[in-house]
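Asker: The residues making up each chain are set out below.
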Amino acid sequence: NAGVTQTPKFRILKIGQSMTLQCTQDMNHNYMYWYRQDPGMGLKLIYYSVGAGITDKGEVPNGYNVSRSTTEDFPLRLELAAPSQTSVYFCASSLVPLRDSKGETQYFGPGTRLLVL
Amino acid sequence: GDSVTQMEGPVTLSEEAFLTINCTYTATGYPSLFWYVQYPGEGLQLLLKATKADDKGSNKGFEATYRKETTSFHLEKGSVQVSDSAVYFCALPREGGKLIFGQGTTLQVKP
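Protein chains in written order, with our numbering: chain U, 1 to 117; chain V, 118 to 228.
Bound conformation, chain V alone:
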């Protein structure tokens, strides 16, 4: 069945380090792909999205490119800040508006 797999965390980085969080998916067809972010004590917020192959989603310095050939949607940021500390979820939309989430990757950025 359809699924999303994320790299396991937690990921601990120093401020200004480069971030990559891997996400791969299994699905029929060519779905949209999403990254959601959950800051401590809050609900999930959409961070970025891509709606077709080779699209690049970007927001707040984060980027992710929809790679059909490798069924991947890795999240990257060139220089992380302490305020980026959060849990990041890769998600795959399915019929009926449902979202399939990866297990989440916790990012901790130290000053």
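Isolated chain U (complex conformation):
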């Protein structure tokens, strides 16, 4: 049981390039999330998904796209990379919504460090 895995671990992009950050979980969780973490800041939610085929915007969705074709995978796409997207990106999953379950945790991947120059 690998939990939540993310690839790549680190990437340098030039302005205007595109890339996809991969996220996979093997816990059969319905809910998956993408966060970004900027220095000295907490995590901000980019997009989330409540199940295959369903995605929704979080707090900071601009410049990103997601898809959820399977329960296991939740890739994050950057179409035109900008320096403001330099950050550490975390994918997470949970079995049920935290609000409803009053205690279900989110499981986080190890993160992808992205540098846009």
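Derived coverage of chain U by chain V (criterion: at least 3 residues anywhere in the stretch with Cβ under 8 Å from a Cβ of chain V; other residues may be distant):
id, region
1, 33-43
2, 105-115
List time: in silico EDC-like cross-link candidates among lysine to aspartate or glutamate, alpha-carbon distance up to 16 Å:
id, chain 1, residue 1, chain 2, residue 2
3, U, K57, V, E212
4, V, K194, V, E132
5, U, K44, V, D119
6, V, K185, V, D171
7, U, K14, U, E79
8, U, K9, V, E159
9, V, K173, V, E193
10, V, K177, V, D201
11, V, K185, V, D119
Derived by calculation from the structure, the hints in this document are not laboratory data. This structure is a prediction, so every number in the text was calculated from the model and none was measured. Glycine included, C-beta positions come from ideal geometry on N, C-alpha and C.
Fit chain V to the given chain U structure using the hints.
Answerer: Quick look at chain V alone, frame taken from chain U:
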């Protein structure tokens, strides 16, 4: 709107010192509350949680009590170790499984 506020860091302590990291929240209703920990180079891990008022969450020597009257969930440990050096996040769950995080507090413990 809903929010979480943590004390600013970094916090630097000597080994065996007492630790407090303050966390207060603003939310409707009585949500669960979480503390997550991020060790260097790793993702976040759940450290402890409390699901209702007056609950005390505990794990690895850390404790936090859910105080409804002061809307607080302060993290404490009686004797910190070098291995506790990490970034600590207070978090508030909202609808749809979303988490609202505080800005994080960096703890550095020196031998």
